[in-house]
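*Asks:* Numbering-wise (our numbering), the sequence shown opens with residue 1 and increments by one.
It cannot be assumed that every hint is accurate.
Computed cross-link-like contacts, DSS-like style, restricted to lysine-lysine with a CA-CA straight-line distance of at most 27 Å [what the hints assert, rightly or not]:
#1 K39 to K189
#2 K39 to K70
#3 K70 to K189
#4 K70 to K101
#5 K195 to K153
#6 K70 to K125
Between beta-carbon pairs, the in silico distance windows are [what the hints assert, rightly or not]:
#7 R154 to K189: 18 to 28 Å
#8 G202 to N179: 40 to 50 Å
#9 T95 to Q178: 43 to 53 Å
Since the hints were made in silico from the structure, they are not lab data.
Fair warning: this is a prediction, and the values are worked out from it, not measured in the lab.
Where is the CB? At the ideal position from N, CA and C, for every residue including glycine.
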Amino acid sequence: MKLKRGVLCKAVVALGLMMVFDACVVPSFGNDWRLLENKAGRRDVVSYMSGVLGSNRTGLGSHEELKLAKVILAEAIRHEMDPLFVLALIKTESTYYNWSKSFAGALGLMQIRLATGEELAGQLKLQWNGEETLLDPYLNVRMGVHYLSSLHKRYNDMDFSLAAYNVGPGRLDTGLRQNQDPGRGYVNKVLNNYKDLKEGAGLYSYEG
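When you get a sec, could you build the whole thing from the sequences and use the hints?
*Replies:* This is how it looks when you write it as structure tokens:
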């Protein structure tokens, strides 16, 4: 059976990524989903996340950090993601600082560019006010999680979804067509942050 060059390239790169990362840090609810099926479990997760946010420079007040933790949980559940994985992505993108602005023009907790943000706001039927919208921590998280979820539906692979989140899906697709390795540094950083957060929480068991 013959495979198209692009498909073969994608398979080879995916295999390489799988060999680099331990299976225990792949983001999945698995049996851990049961922790979020009851109010006590959700309270534990929110308490832990708000504690993480409170121990870092977020540029937000304590009440805002608590609300942010609740929004992260709600959006994670909506898109069937581990909330700690969302928190790990936020740490990677902005080190939890709400007012982050990159040289490339990405803004907020999940570092969303204006053009992408306007498109996401349209998809989510949110009022678009440019930078103001992206610097709203709750809207930024809502948009960022929705964006990652849409990338995961597109690639059906979390490593490629993260790579696309980092460099953009167009650039990733172009690189794959040209037989280029998208690189492992960013994905590795997100997954390491995720692993650290899970270990710190003591709420989740690893699936080996």
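*Asks:* If a hint holds in the structure, say so; if it does not, say that too.
*Replies:* These are the hints, each one checked on the structure:
Pair hint K39 plus K189 does not hold up; C-alpha atoms about 31 Å apart against a cutoff of 27 Å. Pair hint K39 plus K70 holds up; C-alpha atoms about 12 Å apart against a cutoff of 27 Å. At most 27 Å may separate the alpha-carbon atoms for a hinted pair to count; K70 and K189 meet this at roughly 24 Å. A hinted pair counts as satisfied when its Cα atoms are at most 27 Å apart, and K70 with K101 qualifies at roughly 24 Å.
Our distance criterion of 27 Å between C-alpha atoms is met by K195 and K153, whose separation comes to about 23 Å. The hinted pair formed by K70 and K125 meets the criterion: a straight-line CA distance of about 21 Å does not exceed 27 Å. A C-beta distance of roughly 22 Å is found between R154 and K189, which places it inside the suggested range of 18 to 28 Å. Against the hinted window of 40 to 50 Å, the Cβ-Cβ separation of G202 and N179 comes to about 43 Å, which satisfies the hint.
The hint said 43 to 53 Å for the Cβ distance between T95 and Q178, and at roughly 32 Å that hint is violated.
In the structure shown, a violation is registered for the earlier hints numbered 1, 9, in ascending order.
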